[in-house]
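Construct the complete structure from the given sequences, taking the supplied hints into account.
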Amino acid sequence: MSINQMILRNMRKNLKNYYLYVFALVFSVGLYFSFVTLQYDPGVDNVETSAKMAAAIRTAAIMLVVIVTVFLVYANSIFIKRRGKEIGLFQLIGMTKGRIFRVLTIENLIIYISSMLIGIFVGFSFSKLIQMVLFKTTGITEVASLNFSAAALLQTVIVFFVIFGVIMLTNWIFIKGQSILSLFRATSKTEGQIRNISILEIIMGLLGLVLIIAGYYVSSKLFDGDFSVMNELLFAMAFILGAVILGTYLFYKGSIRFVANLLRKRKKGYLNINDVMSLSSIMFRMKSNSLLLTIITTVSALAIGLSSLSYISYYSAEKTSKQNIPDHFSLADEQNAKQFEQELKESGFDFYQKEFKVLQANVVTKEILVKQQSGAAFDPSEMVLPIISDQALNEMNAAPDEAIFTGYSKVLASVISFDKEGLIQIEGKEKVIDQDYLGLENDYILPYSYSDGGLPTVVVDQTTFASLQEDIDEEVQDEPLTYFGFNLEDPSNLSEATDLFQSLSYNDDEGRSSQYEAFLQQKENMGLVMFIVGFLGLTFLITSGCILYFKQMNESEEERPNYTVLRKLGFTEADLSRGVRGKQLVNFGIPLIVGLLHGYFAVRSGWFFFGTEFYTPMLIVMGIYTILYSIFGGLSIVYYKKVIREAL
Amino acid sequence: MNVLEASKIQKSYGNKFMKQDVLMGIDVSIERGEFISIMGASGSGKTTLLNVLSSIDRVSGGSIKIDGQEMTKKREKQLAEFRKRHLGFIFQEYNLLDTLTVKENILLPLSIAKVSKEEAIMAFDSLAEELGIDEIQNKYPNEISGGQKQRTSAARAFIHNPSIIFADEPTGALDSKSASNLLNKLSDLNARRKATIAMVTHDPVAASYSGRVIFIKDGRIYTQLNKGTESRQSFLKDIMKTQGVLGGVQYEH
Ligand SMILES: Nc1ncnc2c1ncn2[C@@H]1O[C@H](COP(=O)(O)OP(=O)(O)OP(=O)(O)O)[C@@H](O)[C@H]1O
Ligand SMILES: [Mg+2]
Chain A
0 MSINQMILRN MRKNLKNYYL YVFALVFSVG LYFSFVTLQY DPGVDNVETS AKMAAAIRTA
60 AIMLVVIVTV FLVYANSIFI KRRGKEIGLF QLIGMTKGRI FRVLTIENLI IYISSMLIGI
120 FVGFSFSKLI QMVLFKTTGI TEVASLNFSA AALLQTVIVF FVIFGVIMLT NWIFIKGQSI
180 LSLFRATSKT EGQIRNISIL EIIMGLLGLV LIIAGYYVSS KLFDGDFSVM NELLFAMAFI
240 LGAVILGTYL FYKGSIRFVA NLLRKRKKGY LNINDVMSLS SIMFRMKSNS LLLTIITTVS
300 ALAIGLSSLS YISYYSAEKT SKQNIPDHFS LADEQNAKQF EQELKESGFD FYQKEFKVLQ
360 ANVVTKEILV KQQSGAAFDP SEMVLPIISD QALNEMNAAP DEAIFTGYSK VLASVISFDK
420 EGLIQIEGKE KVIDQDYLGL ENDYILPYSY SDGGLPTVVV DQTTFASLQE DIDEEVQDEP
480 LTYFGFNLED PSNLSEATDL FQSLSYNDDE GRSSQYEAFL QQKENMGLVM FIVGFLGLTF
540 LITSGCILYF KQMNESEEER PNYTVLRKLG FTEADLSRGV RGKQLVNFGI PLIVGLLHGY
600 FAVRSGWFFF GTEFYTPMLI VMGIYTILYS IFGGLSIVYY KKVIREAL
Chain B
0 MNVLEASKIQ KSYGNKFMKQ DVLMGIDVSI ERGEFISIMG ASGSGKTTLL NVLSSIDRVS
60 GGSIKIDGQE MTKKREKQLA EFRKRHLGFI FQEYNLLDTL TVKENILLPL SIAKVSKEEA
120 IMAFDSLAEE LGIDEIQNKY PNEISGGQKQ RTSAARAFIH NPSIIFADEP TGALDSKSAS
180 NLLNKLSDLN ARRKATIAMV THDPVAASYS GRVIFIKDGR IYTQLNKGTE SRQSFLKDIM
240 KTQGVLGGVQ YEH
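Quick mapping for you: the protein sequence lines, in order, are chains A and B.
First residue of the first sequence? That's 0 in numbering that gives the first Met the number 0, and the numbers climb one at a time after it.
First residue of the second sequence? That's 0 in numbering that gives the first Met the number 0, and the numbers climb one at a time after it.
There could be a bad hint or two in this list.
[To be verified] Simulated crosslink set (DSS-like; lysine-lysine; CA at most 27 Å straight-line):
no.	chain 1	residue 1	chain 2	residue 2
1	A	Lys-641	B	Lys-76
2	A	Lys-267	B	Lys-116
3	B	Lys-138	A	Lys-267
4	A	Lys-640	B	Lys-73
Since the hints were derived computationally from the structure, they do not count as laboratory data.
Note that this is a predicted model, so its numbers are computed, not measured.
As structure tokens, then:
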């Protein structure tokens, strides 16, 4: 039989083994190709923010390559191990390793190229869908047209041939490192021996838990103002990352086995079928699985965290724009305001107006700072703040010697925080006015542009305001601005009113702002980020789910002889299936729960940088993750059931 | 009294067009407390017979009664239930779960029968002593020798006092010393616990430990030998003689 015949025959026989690998390949190629098609799509190029978007998509594409490479290398490693016996047989009949490698490479190449073709076809069809999703999330109204891009094709082909090279390299290393004997034992050897739990392992497990908890603790303190120096902050972040990842690894390596061992010891050797199927089997493999589980957990946590954060910003786009721009429209020029009022009336909008003066003055906040904080971008003991009179507002009232801060952004508050009360000084040109600081309110009164991007607005009594107005410091401002705010009675007309506002332009008005405009802008920016991060997160989830699933497929095959014994002993399929469910609950549940926990703490520590809503968007993201993970868990149970059924 | 009564067992593999008859009408009965061996050439259907008798495989025809219960009419679930409570197994390999310790492996059949933990552990202690596996009880299967593995599976087969124990080439993978060690223990347990054992073997020496040998040829019973009051040595000679006639192969001893 010639080599060629042998290759063909082998491939036909191995088709069943291949399907997993083929699936992984088609999936990866399809995903990557559709993504790259998007990158080269002229429709996307037309988008206003094209430079930003293209850069973001390119970065994402690189991450995608990394994920896909890891995924394919792993799928291949399972695949080649399954064929260990066959390779050993070739060696036994006198083929050299080089020859075997060549045979394997040719075989692989045929599979690889055909899967790639299918993948590209699938990806091409899929890219239209993705494109529609992208335009939907960013709010861009453009018809998604299907363009086949030669550049995308070329890039995909190049990338996957490089990956093919990597895979062949791992195969070569695998074949090189094996003797005939060890090849025969390829599947059973990998798990290694199991020993009794050592003290070292217990310490390791506990250390892991301590590290994780420490990481969580530091993360919850991260933006409480305890770490205000930039270096400290970076150090703390590095610590959190290191502690949590290492902790997770040690936790998997030590704690789970330790806890399982405690449970097992208590049974004094008298295990029921559920224990046999889940407890002992998990313990048996946990040591060698811990690295894989750590990687999966860490990256799912990353993916959960990132998608939650981006979804938080997307979800809170409306609230954020309301915070940044409290009134529907604002202007500072009286002429403009009059005209806009007129136009609104003529177009038949019902609205109400605000008008008040806004001063800027230097405020000494030295005595109300929570503590001396260094490292901020400016000296927080003295800053220029917008000042308004309490007459401008209905909600607040200040006595002549009192001042209230309001509308301080949470992001800044995390860096510079104030005491509940104290003494401040407002500096005019000549005089300095002492005021009792009464605390911080949550109402947002002035647009972002007035408050230097989120500094608090100072509300003082009308008399104080009047005397400050007399004593303006020209170095701070020439003359006080007048704030004109417009609000529609019926917000559902906002879109049309915004069209009107935009048609009048007012680009020279330094107080110009439009809430709806800001909302759309926010949505477009965050929609893109969310789309990319969501895409990556989903990809990672699917690949890690697949890896777990493949791993379980492999495990079930390895445990088949056990199932045979158990069934001969008289355990029914149902008994075994019940045990498997418990086992999969742990196998998929633990990385999921740990990943969710990690994600939760990551999101909690810095979510307020991204938006105003925490629980709803985060829970939605986590819910989706949980559902998808459960699907993979369910699939693996179905596979186990098949193996169990065929075991006798 | 007969523990097992099988009549006219038939078994064929394949479909209508490609049928291979492996068992063609075999009658076997085993008395309580008996230790029998099944011998025959390779491919003669020994394993098939054992699998069929032990309800792991289904017959194509005939009837099998164990403890007076008809096995061939039972559904899969009932069969599993029956195996759990009334049957014990020892196989050539793939016997033990490599994820469980020796003790856990042995106690497995008791946990199904919902025996209390104290009773289970008492049963284990006495059996472990008889079989000499006290010291290895907390080891995993890949940490013990082949002989120890087989003694472990023997312990597992005996622990729940089953009506009958089926063994398929239990000494197949053992050297002669471990094999005779195991067989001595088996016949001890057979005598002391009145356990019924049906064993398939190639090895006349192994068969000579039993009280009766059934020879199979071409799917039928060729002949049976009874040990009676003979010594093991002379029984062994008889077995080898019969085997020589049966297969045309002479064993030198
Ligand atoms: N699952 C099966 N499907 C088809 N034919 C089978 C199957 N199992 C066994 N056979 C056939 O039945 C016959 C008897 O097989 P069996 O395994 O019972 O032999 P045996 O006496 O145990 O042999 P050995 O001493 O080699 O173990 C053989 O010819 C075999 O080819
Ligand atoms: Mg056999």
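Going through the hints against the structure:
Of the pairs offered as hints, the one joining A/Lys-641 and B/Lys-76 holds, with about 17 Å between alpha carbons and a cut-off of 27 Å not exceeded. The suggested pairing of A/Lys-267 with B/Lys-116 holds, with an alpha-carbon distance near 8 Å, which does not exceed 27 Å. Under the criterion of a C-alpha separation no larger than 27 Å, the hint pairing B/Lys-138 with A/Lys-267 is consistent with the structure, at around 13 Å. For the hint pairing A/Lys-640 with B/Lys-73, the CA-to-CA distance comes to about 23 Å; that is within 27 Å, so the pair holds.
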